[in-house]
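There are 2 protein chains.
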Amino acid sequence: LRPERNQIEHIARQAASGQRRRRNVVRAGIGDDCAVLRAPAGHDLLVTTDFTLEGVHFRREWYPATVVGHRCLTRGLSDIAAMGGDPLAAFLSLALPPGLEQAWVDGFFRGLLRLARRFDVPLAGGDLAQSELRQAPGSPGRVLADIVVVGAVPSGQAVLRSGARPGDTIYVTGALGGAAAAVAELLRGGRDRKAAGSYQPIPRLEIGRALRRRRLASAMIDLSDGLSIDLDRVCESSGVGAEVDAAAIPCARLRGRMVELEMALHGGEDYELLFTAPASSRVPARIAGVPIRAIGRITGGRKLFLVRKGRKSLLRPQGWEYFR
Amino acid sequence: LRPERNQIEHIARQAASGQRRRRNVVRAGIGDDCAVLRAPAGHDLLVTTDFTLEGVHFRREWYPATVVGHRCLTRGLSDIAAMGGDPLAAFLSLALPPGLEQAWVDGFFRGLLRLARRFDVPLAGGDLAQSELRQAPGSPGRVLADIVVVGAVPSGQAVLRSGARPGDTIYVTGALGGAAAAVAELLRGGRDRKAAGSYQPIPRLEIGRALRRRRLASAMIDLSDGLSIDLDRVCESSGVGAEVDAAAIPCARLRGRMVELEMALHGGEDYELLFTAPASSRVPARIAGVPIRAIGRITGGRKLFLVRKGRKSLLRPQGWEYFR
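Keeping their order, the protein sequence lines are chains E and R. Sequential numbering from 1 applies to the first sequence in the working numbering. Sequential numbering from 1 applies to the second sequence in the working numbering.
These are calculated hints, taken from the structure and not from any lab test. Predicted model only: the values in this text are computed from it and were never measured. Be aware that a few hints might be false.
To give an idea of the chain E side of the interface with chain R (calculated C-beta under 10 Å), a few residues [as the list claims (entries may be wrong)]: (1) Ala41; (2) Ala82; (3) Ala95.
Where is the CB? At the ideal position from N, CA and C, for every residue including glycine.
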């Protein structure tokens, strides 16, 4: 399909306004067959792609367009953070239903580009399409986005999921369960919907980078799907198990009240980092102003356990399915 | 959403079987937060993303799943070819409707991975999602794919769209209009539907690379949307115009008959290359066995003209809209 030329130019102009120091990374951006990037010498490349699909990952009536754009890029940047990397450029494939208001599209890009500028990541290309050729009667049409982030990390230093060893301590950044609690509020249709829909997680790029530089993390992942499921991924990749202390989990606060443990254990979209480090490592209590909490330890088995009031029970990896 | 772990493993295994010589490009592939690639020294990176959306870019009842997978990757590889580059790795974001038969998914990957092996491109990552959480009654659900290809080209040598100069000759590879004629056959519902639906264009990677190495092309683009619209893009980027000789356009043959000129002028998805070269350049008649034809010249104006039987008329950039 042929997107309007002036829409592409409009996006390219908006995107260009976000490029400052990094302009020299992008030799050719939006408007050629490919983007051309200068690859930093002595570095490995990181590549991540993440869908943001209306009806699956968000509802248009719940979130302002700026929040949808912000979160779309957060998904990609958070993956770069989880490798200890540095983002070089972002690419967006975006399919829009016919008849979608321009104000929504502008808001989406405003949110996405604001976050891009904060971390100095140029939007260097992508694809633009209609999500449907004809609007089916009664069908609202769907927004489909796929964000690609290309990053770099000094050669051989990417922090993988596979490096956790029995005896390592498990840490998480920030507080957990806040995003899931906000969705629960939206589902309830309570009066705090507006506040709940405006939640904009910040990818932990400085923390990931600091952990990699100081060689503190033996394994790392971002908490996109929930602590239990993402910890299980680290354990599976590393061939290990884990014990988590329920009392040590930093539960987020929503309007002054601590969220339920279930939300912190299984809620997704917090975009905090989970990492492991040898017990002998001196992991600071804060990095870049964000608290770092030890929540358990890696074990030799292949199972996950939750220790709660002295009792140990199996921790089943499960994400909290938002829209079911 | 949480894709089945065994589905990811299944894809990772299939993808791994496609990696031979290039295995050393991918340090970590499917199964971490990001793929980790070794960046070749002295090279710029190329990045391209392209949607393949059911109902917009293909109809499931028209094409075998293998053809949809093949074409999905062709879109990305063809963009790398148009820069004179070398593909390093591909990434696929794929959203599938609930209830889609596994045989379709397997066929899609078979087609995609066969093409990937042919050009030695590992599938190094991506995203997997459901395209809808619940199947709406009466809704067939849609397959959504976004292909990302990362490539490399010696630093500063990417062939851009912006290098065409007045006096340059315009060339195209292969023959044009075949893909559009096949779609016309499918739309007519004729008895050659099966043959028409099995058309699998081959990205012109060898040709793009050869032109870049010999420094023959001043500008290049792949013909994804149609000669008139893609030539206009080169002219716009280069700030020039063009004259095309109708008689020189290599029209494709379908069942022994030459396709109409309109198909060759405006039909998309041929994935041939269009490039320009100074009139003094010695451009070979064939590269990698594919004929190269001079079809016109770049002019100083900003307009496109078609010269047909001695008469010059305005050539309006227009794509042939398949599904309208």
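Cross-check of the supplied hints:
no.: 1; hint: Ala41; in the structure: 6 Å, holds
no.: 2; hint: Ala82; in the structure: 4 Å, holds
no.: 3; hint: Ala95; in the structure: 6 Å, holds
When the structure is compared with the earlier hints, no violation turns up for any of them.
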